[in-house]
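Asker: These are the residues of each chain, in order.
2 protein chains.
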Amino acid sequence: MLELRVRSTDCRPRAAGAACSACGARAFSVCGGIDGAQLGRLEAIADKLGFKAGQGIARQGDRADHVFNVTSGSVRVFRLLPDGRRQITGFLFAGDFFGLAPHPEYAFSAEAMEDATLCRFRRAEYQSVVHDIPALEAALLERVTHELAAAENQMLLLGRKTAQERIATFILAIADRDPLRPDVNGHVRLAMTRAEIADYTGLTIETVSRVFTRLKTAGIIRLLSVHDLRIELPERLRGLAEGRSREP
Amino acid sequence: MLELRVRSTDCRPRAAGAACSACGARAFSVCGGIDGAQLGRLEAIADKLGFKAGQGIARQGDRADHVFNVTSGSVRVFRLLPDGRRQITGFLFAGDFFGLAPHPEYAFSAEAMEDATLCRFRRAEYQSVVHDIPALEAALLERVTHELAAAENQMLLLGRKTAQERIATFILAIADRDPLRPDVNGHVRLAMTRAEIADYTGLTIETVSRVFTRLKTAGIIRLLSVHDLRIELPERLRGLAEGRSREP
DNA sequence: CGCAGCCTTGACCATTATCAACGCTGGTGG
DNA sequence: CCACCAGCGTTGATAATGGTCAAGGCTGCG
Numbered sequence: 006m007l008e009l010r011v012r013s014t015d016c017r018p019r020a021a022g023a024a025c026s027a028c029g030a031r032a033f034s035v036c037g038g039i040d041g042a043q044l045g046r047l048e049a050i051a052d053k054l055g056f057k058a059g060q061g062i063a064r065q066g067d068r069a070d071h072v073f074n075v076t077s078g079s080v081r082v083f084r085l086l087p088d089g090r091r092q093i094t095g096f097l098f099a100g101d102f103f104g105l106a107p108h109p110e111y112a113f114s115a116e117a118m119e120d121a122t123l124c125r126f127r128r129a130e131y132q133s134v135v136h137d138i139p140a141l142e143a144a145l146l147e148r149v150t151h152e153l154a155a156a157e158n159q160m161l162l163l164g165r166k167t168a169q170e171r172i173a174t175f176i177l178a179i180a181d182r183d184p185l186r187p188d189v190n191g192h193v194r195l196a197m198t199r200a201e202i203a204d205y206t207g208l209t210i211e212t213v214s215r216v217f218t219r220l221k222t223a224g225i226i227r228l229l230s231v232h233d234l235r236i237e238l239p240e241r242l243r244g245l246a247e248g249r250s251r252e253p
Numbered sequence: 006m007l008e009l010r011v012r013s014t015d016c017r018p019r020a021a022g023a024a025c026s027a028c029g030a031r032a033f034s035v036c037g038g039i040d041g042a043q044l045g046r047l048e049a050i051a052d053k054l055g056f057k058a059g060q061g062i063a064r065q066g067d068r069a070d071h072v073f074n075v076t077s078g079s080v081r082v083f084r085l086l087p088d089g090r091r092q093i094t095g096f097l098f099a100g101d102f103f104g105l106a107p108h109p110e111y112a113f114s115a116e117a118m119e120d121a122t123l124c125r126f127r128r129a130e131y132q133s134v135v136h137d138i139p140a141l142e143a144a145l146l147e148r149v150t151h152e153l154a155a156a157e158n159q160m161l162l163l164g165r166k167t168a169q170e171r172i173a174t175f176i177l178a179i180a181d182r183d184p185l186r187p188d189v190n191g192h193v194r195l196a197m198t199r200a201e202i203a204d205y206t207g208l209t210i211e212t213v214s215r216v217f218t219r220l221k222t223a224g225i226i227r228l229l230s231v232h233d234l235r236i237e238l239p240e241r242l243r244g245l246a247e248g249r250s251r252e253p
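The listed protein sequences correspond, in order, to chains A and B. For the first sequence, the positions run 6 to 253 when my numbering is used. For the second sequence, the positions run 6 to 253 when my numbering is used.
Don't take each hint at face value.
To be verified - Calculated from the model, a selection of chain A residues having no Cβ within reach of chain B, i.e. all distances over 12 Å: (1) K53; (2) R90; (3) F113; (4) L153; (5) M197; (6) E237; (7) E247.
Claimed, not checked - Stretch-level coverage of chain A by chain B, calculated; a stretch enters the list once three of its residues show a Cβ under 8 Å from a Cβ in chain B: (8) 43-52; (9) 158-166; (10) 213-226.
No lab work stands behind these hints: they were computed from the structure. From the three backbone atoms N, C-alpha and C, an ideal C-beta is built for every residue, glycine too.
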């Protein structure tokens, strides 16, 4: 059974109208005109690796010999400053690639969040197989382009949004792409710790915690447990996320 | 004469060793195995447009009908919040594409910084031509992947660096890619205003100004004019940029 | 020469970080 | 089975970085 996947350009556009027709209900899938046989050629040159929760997969500064594809579980990717400050640049799930950047060393570290399995490719072999399958190259281009747009949204969040706006945006992003429960009446599962949310949103864990209780007090969300919440007032939350509270 | 270009994955790796061999001294060029004839096919379907400094090229929220390539001059790309807060996500120069993201509406606005000329493609035609030229698709993939890595670096800057570290990083980034004067003994030209630097680094113009004078007072840089400076102590500046001042 | 648009500097303020204490929860071992 | 501990999360008090508001300076252009 084929494990390797290329996530489509995300099913997030649900909200924006243009749902990924090739994708159906699942959050990831083989998309963009690549058939299983073609992915099979790529999978054939992969090492299949398993990682325990918390285990390191790649380290910032190491020689960038490999390209990775997540096949199950979840992975956090981050950059560190020498004194330990951490910026998480992404939470990755099945179908996501990382390590594509054409640099001699990894600019990031990656660790398993939950137990995870990955395909690992030697860069040169990966390059030549991908190069051989234009449809795959096209799908990757679309995917990476989409990630670039997401990264630019995150730049807006980190550069210009308040703590409350950041958390509101974050909650909605999770809700929109939660692969397991597609917003069953506003239910959102936070697979990550407060520290991870903080390092993703550029805040501290204390501020994250305070904002959650503030949103709760305002009746905008309800905290069901530390890792589960329900969105009670989606419009208010969306208003915060889009910065429509400070309007001029 | 061919105007359209695909920037290589940047000549920045100068510092990191692996210079772009296909590129030579110029900061951008036709790279990655695409020849002029192939680019010519793309250029053939382009509208050539000129924009005056300050003029808008695309607006956040408009239908995303076009893809753009900068052929001369410079362009700023940014996202706005409804109250006017602005995050500049990139300064673009000849050879840079934008509007590639497969979304129904532009998630960004773009304006000419200096007078600029661009190639503009209808998205569908663009797609089909690119799709027809695997070497071009491959070059774009590499380029976009590189930009994604740069965007993630910017996320680290915006999420975790102090004002001083941000400006130090910014100065070095400009110095490394300045297309005109490749660091003639530390000389750096800032083509942008303080407001643009602020909106790129997630600060205010006042803070940007204060940090510049602080770096000047510390003897790390010298301000030759508002738009020109010289790096006096490159190691100190690099140390700040990498966060090596707060080390534990 | 004068004005407009940037830039700089200063005084004050607010948001968020830091430091600290405490509570909850789940797992382990007595 | 219960008690304890470790790790995570919450809350409070205080501090600091950077933002806001305001005034004034410089520069280039008409």
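Asker: Indicate, hint by hint, whether the structure satisfies it.
Answerer: Each hint, compared with the structure:
With a least beta-carbon separation of about 24 Å from chain B, K53 (chain A) lies farther than 12 Å from that chain, consistent with its non-interface assignment. Consistency note on R90 (chain A): stated as away from chain B, yet its beta-carbon is not over 12 Å from all of that chain's, at 4 Å minimum. At roughly 7 Å from the closest C-beta of chain B, the C-beta of F113 (chain A) falls inside 12 Å, breaking its exclusion from the interface. The Cβ of L153 (chain A) sits about 5 Å from the closest Cβ of chain B, inside the 12 Å cut-off, so the non-interface label is violated.
No Cβ of chain B comes within 12 Å of the Cβ of M197 (chain A); the nearest lies about 15 Å off, and the non-interface call holds. With a cut of 12 Å on Cβ distances, E237 (chain A) stays outside the contact zone with chain B, its closest approach being about 23 Å. A beta-carbon of chain B comes within 12 Å of the beta-carbon of E247 (chain A); the shortest separation is about 7 Å. With a threshold of 8 Å between beta carbons, the proposed coverage of the region 43-52 of chain A by chain B is violated, since 0 of its residues qualify and at least three are required.
For the region 158-166 of chain A, the assignment as covered by chain B holds, since 8 residues bring a beta-carbon within under 8 Å of that chain's beta-carbons and 3 suffice. For the region 213-226 of chain A, the stated coverage by chain B is violated: 0 residues have a C-beta nearer than 8 Å to a C-beta of that chain, whereas at least 3 were required.
In the structure shown, a violation is registered for the earlier hints numbered 2, 3, 4, 7, 8 and 10, in ascending order.
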